[in-house]
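Participant: Each chain is listed here by its residues.
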Amino acid sequence: MAKVEQVSGNGKGKRIWIPLGIGCGGILAILILLGGIFLWAGWQGYQEAPTLIEGSVPGGSSGVGYSLTPDQAGIQAELGAPEAFTLLFYEEETMDGSLRDVRLESWDYYSRGVGYTFINGELSGEDELDISEIGQLAPMPYDPEQFGAYMSLDEVLAAAGLATYLEIPLEKEFLKNGDLYYGESLTFGLVDGELRYLEALALIEEGVTDE
Amino acid sequence: MSNTVKAWMLLLVFCFSLVPFGMGQAEGPGRTFGEARALLYLSDALLEGEANLDTAAHVPGLMAPAPVVRQAEGAEEVLGRMIHATKQERNDHDANCRQLKRRYQSAGDQTAVQKLESYCKAERQRLTNRISFLRRLRGGDRRKVLTRFWHSVKRGSANLWRRIGPLGRNILRKVGDEAFNTVVSGGSLSGEVVRRLAKQAVKSTAREKLKQMTYRGVERLLQGQINIARAAGVLGDEEGDEGDDPQFLEGDADQFDDDVLSEGEDPESSDSQDEEEEDCPGDLSWVAPYWEEVVQPQLIAEGRACQRTAIAMYKSCLQDQGVQGVCQEEALIACEHLYRAIPRTETGGPVTKKVTVMHSEAQNVAGSLVYNASGGGVSGNISYILQDRHLCTIRITSTLSGTLDVETCTLSGTAQVTEVYEGTACASVCSGGSCPVTRSATVPWQATLEDGKILGGVNGNNSSVSGFGFGTP
Chain D
8 MAKVEQVSGN
18 GKGKRIWIPL
28 GIGCGGILAI
38 LILLGGIFLW
48 AGWQGYQEAP
58 TLIEGSVPGG
68 SSGVGYSLTP
78 DQAGIQAELG
88 APEAFTLLFY
98 EEETMDGSLR
108 DVRLESWDYY
118 SRGVGYTFIN
128 GELSGEDELD
138 ISEIGQLAPM
148 PYDPEQFGAY
158 MSLDEVLAAA
168 GLATYLEIPL
178 EKEFLKNGDL
188 YYGESLTFGL
198 VDGELRYLEA
208 LALIEEGVTD
218 E
Chain U
7 MSNTVKAWML
17 LLVFCFSLVP
27 FGMGQAEGPG
37 RTFGEARALL
47 YLSDALLEGE
57 ANLDTAAHVP
67 GLMAPAPVVR
77 QAEGAEEVLG
87 RMIHATKQER
97 NDHDANCRQL
107 KRRYQSAGDQ
117 TAVQKLESYC
127 KAERQRLTNR
137 ISFLRRLRGG
147 DRRKVLTRFW
157 HSVKRGSANL
167 WRRIGPLGRN
177 ILRKVGDEAF
187 NTVVSGGSLS
197 GEVVRRLAKQ
207 AVKSTAREKL
217 KQMTYRGVER
227 LLQGQINIAR
237 AAGVLGDEEG
247 DEGDDPQFLE
257 GDADQFDDDV
267 LSEGEDPESS
277 DSQDEEEEDC
287 PGDLSWVAPY
297 WEEVVQPQLI
307 AEGRACQRTA
317 IAMYKSCLQD
327 QGVQGVCQEE
337 ALIACEHLYR
347 AIPRTETGGP
357 VTKKVTVMHS
367 EAQNVAGSLV
377 YNASGGGVSG
387 NISYILQDRH
397 LCTIRITSTL
407 SGTLDVETCT
417 LSGTAQVTEV
427 YEGTACASVC
437 SGGSCPVTRS
447 ATVPWQATLE
457 DGKILGGVNG
467 NNSSVSGFGF
477 GTP
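Sequence lines, in order, name chains D and U. Basically our numbering = 1-based index in the first sequence + 7. Basically our numbering = 1-based index in the second sequence + 6.
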């Protein structure tokens with residue numbers, strides 16, 4: 008009789024431990040899941056955040072640059088390299104339904120008060136820049152020939168020799184897979200990893216003082 | 007049986023036909039002009055804050071170390087800039103459409119007008135939709151509790167990743183500020199560089215140039231589309247007859263302008279109808295918490311928390327914007343030039359300030375205080391001489407030590423003051439020919455630090471030495 012009671016006592020103990028184990032396991036699983044979500048969300052946030060990258064060593068080659076057209080070479084021979092320039096790269100549809108690359112380019116000469124727009128190297132407009140006195144411009148470290156359509160990030164970095172730059176991933180509601188970058192005297196944008204916009208910015212040097 | 011198999015096979019084939027194979031290669035260009043243009047405008051908008059500065063920006067030698075950051079704030083700033091950029095883009099788009107329409111109309115090219123109208127309306131709708139999407143994204147963060155909770159989780163975890171993430175990657179908060187610094191300095195110059203962006207020095211000209219560039223892009227794009235449409239016979243030339251009628255053109259132009267521009271909207275203004283819909287009338291509730299949680303720590307981290315005048319101007323600007331019904335992100339953008347104007351001259355290590363004694367008869371004054379703009383210990387020395395017709399000379403030297411509280415911008419501590427009385431007629435001290443006499447005591451001192459200037463005093467009450475006032479010259 009006593010033996011029977013002992014057996015039934017052991018069975019009761021097992022019945023308590025099984026749900027307890029399941030409960031603890033469930034709580035542990037929930038905690039692991041929450042931790043995973045926490046880390047995953049943070050990783051997303053980390054990836055999406057605007058970031059300053061310092062000491063980057065561009066590994067790629069500078070890729071295929073660009074050759075000036077006769078229109079551009081003529082202006083460069085007369086006025087020198089542009090003091091600032093903007094490049095837009097995109098595609099347009101042709102009559103036969105195929106796609107053709109477009110390089111929309113703007114060259115600015117602030118000190119001469121004139122700007123030029125080229126489409127695929129062909130002069131499409133000349134604009135007067137209404138500037139009275141702009142001051143001493145810092146030397147422009149870039150040249151339009153350095154940058155070609157749809158370059159990769161590494162190619163742009165190598166072409167511009169940028170080690171420090173700012174990377175701003177863009178909301179997909181603004182531009183899907185778009186990223187904007189800022190470097191010294193330079194800003195550029197990539198879509199799907201391809202160079203679509205680049206602007207070399209002229210700087211006015213007002214002086215350097217040592218503290 | 008065979009019928010059943012056949013039916014299933016047909017169903018399978020039908021289902022396969024529904025799968026959107028090749029969707030990525032839709033008709034039309036994949037790399038659109040609109041994408042490149044959006045990047046151009048956003049880039050401009052992120053640098054735009056500096057344009058309002060009358061003075062040149064002072065950039066500390068190497069880029070200042072990234073402050074303690076909370077990534078969400080940087081992302082929110084970028085979101086506000088995206089909305090602003092899209093509005094600018096839409097304004098220029100409208101202006102370009104009007105200009106092109108006038109040109110096509112004066113040429114009597116009704117086919118081109120027709121194509122232009124359809125392009126301009128579609129493009130405007132796309133840009134308006136983009137603004138709405140971005141606003142919803144921003145609004146969601148402001149209004150929904152769950153979204154806010156999710157963002158705070160994301161932020162906390164992102165900070166963890168920031169700590170353990172790869173070296174050389176600093177997440178930013180003041181994105182526009184950092185973008186400007188990167189562009190003008192590139193992180194490679196030494197000394198204090200004073201540079202400006204040329205396009206911001208000639209802001210209106212640069213804006214006009216931007217508009218001209220996009221105008222030429224749109225013109226080219228449309229010409230291609232018009233040619234294709236003509237070749238395909240989609241657009242007939244029969245409307246050309248109507249195009250010759252000046253009355254038709256005039257009326258049509260009005261109608262088009264009404265279509266393109268929303269009701270009551272000023273085409274040149276960046277404020278649009280949908281902006282009015284989402285105004286934050288008189289909402290100042292965000293200013294105080296934002297100030298405490300974001301601005302104050304940032305100012306302290308950047309060593310400019312004690313620039314009271316400039317800080318007051320920035321705060322006042324934020325409050326004014328709030329009263330005018332401007333939403334937080336846009337208020338931050340509107341006032342950003344004032345934030346940037348807060349001097350940042352005391353970063354990068356200990357600051358040494360020369361101080362003088364506030365006593366009209368003090369001679370041979372020498373004094374300096376050394377502190378760290380981000381707070382902590384303060385040390386310094388002040389010495390001077392007082393002479394009474396050369397019959398009594400008192401040499402005062404004091405060694406100050408204490409702390410700087412950056413939250414209250416006060417310096418305080420104790421000073422070891424020594425007074426040496428020399429001469430023959432130092433009343434009440436050297437009477438009876440007992441000079442020289444030396445007196446020494448440890449007394450408290452306190453000073454305020456405002457706009458880079460120190461003003462304070464050593465308290466000589468209840469001690470054997472005299473107190474004195476001091477401050478930056």
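Quick caveat, the hints were computed from the structure, so don't treat them as lab data. Note that this is a predicted model, so its numbers are computed, not measured. Keep in mind that a hint or two might mislead.
[Unchecked claim] Derived DSBU-like pairs (lysine-lysine); straight-line CA-CA distance at most 35 angstroms:
hint: 1; chain 1: U; residue 1: Lys321; chain 2: U; residue 2: Lys360
hint: 2; chain 1: U; residue 1: Lys217; chain 2: U; residue 2: Lys321
hint: 3; chain 1: U; residue 1: Lys209; chain 2: D; residue 2: Lys179
hint: 4; chain 1: U; residue 1: Lys459; chain 2: D; residue 2: Lys179
hint: 5; chain 1: U; residue 1: Lys209; chain 2: U; residue 2: Lys360
hint: 6; chain 1: U; residue 1: Lys360; chain 2: D; residue 2: Lys183
hint: 7; chain 1: U; residue 1: Lys360; chain 2: D; residue 2: Lys179
hint: 8; chain 1: U; residue 1: Lys217; chain 2: D; residue 2: Lys183
hint: 9; chain 1: D; residue 1: Lys179; chain 2: U; residue 2: Lys217
hint: 10; chain 1: U; residue 1: Lys217; chain 2: U; residue 2: Lys127
hint: 11; chain 1: U; residue 1: Lys127; chain 2: U; residue 2: Lys321
hint: 12; chain 1: D; residue 1: Lys183; chain 2: U; residue 2: Lys127
[Stated by the list, open to error] Sample of chain D residues with no beta-carbon within 12 angstroms of chain U, all distances over it, derived:
hint: 13; residue: Gly33
hint: 14; residue: Gln153
hint: 15; residue: Phe195
[To be verified] Stretches of chain U that chain D covers, calculated by requiring three or more beta carbons in the stretch to come under 8 angstroms of a beta carbon on chain D:
hint: 16; stretch: 313 to 324
hint: 17; stretch: 335 to 341
Cβ atoms here follow ideal geometry from the backbone N, Cα and C, with glycine treated the same way.
Participant: State for each hint whether it applies.
Facilitator: Quick rundown of the hints versus the structure:
1. U/Lys321 <-> U/Lys360: Holds: U/Lys321 and U/Lys360 sit about 30 angstroms apart, inside 35 angstroms.
2. U/Lys217 <-> U/Lys321: 34 angstroms, holds
3. U/Lys209 <-> D/Lys179: 29 angstroms, holds
4. U/Lys459 <-> D/Lys179: 47 angstroms, violated
5. U/Lys209 <-> U/Lys360: Violated - the C-alpha atoms of U/Lys360 and U/Lys209 are around 40 angstroms apart, more than 35 angstroms.
6. U/Lys360 <-> D/Lys183: Since the Cα atoms of U/Lys360 and D/Lys183 sit roughly 55 angstroms apart, the hinted pair is violated (cutoff 35 angstroms).
7. U/Lys360 <-> D/Lys179: 53 angstroms, violated
8. U/Lys217 <-> D/Lys183: The given pair, whose Cα atoms are some 24 angstroms apart, holds under the 35 angstroms limit.
9. D/Lys179 <-> U/Lys217: Holds. D/Lys179 to U/Lys217 sits at ~25 angstroms (cutoff 35 angstroms).
10. U/Lys217 <-> U/Lys127: 18 angstroms, holds
11. U/Lys127 <-> U/Lys321: At roughly 41 angstroms apart (the allowed maximum being 35 angstroms), U/Lys321 and U/Lys127 break the hint.
12. D/Lys183 <-> U/Lys127: Holds: D/Lys183 and U/Lys127 sit about 22 angstroms apart, inside 35 angstroms.
13. Gly33: 22 angstroms, holds
14. Gln153: Given a closest Cβ separation of 16 angstroms, the condition holds.
15. Phe195: 8 angstroms, violated
16. 313 to 324: violated (count 0)
17. 335 to 341: violated (count 0)
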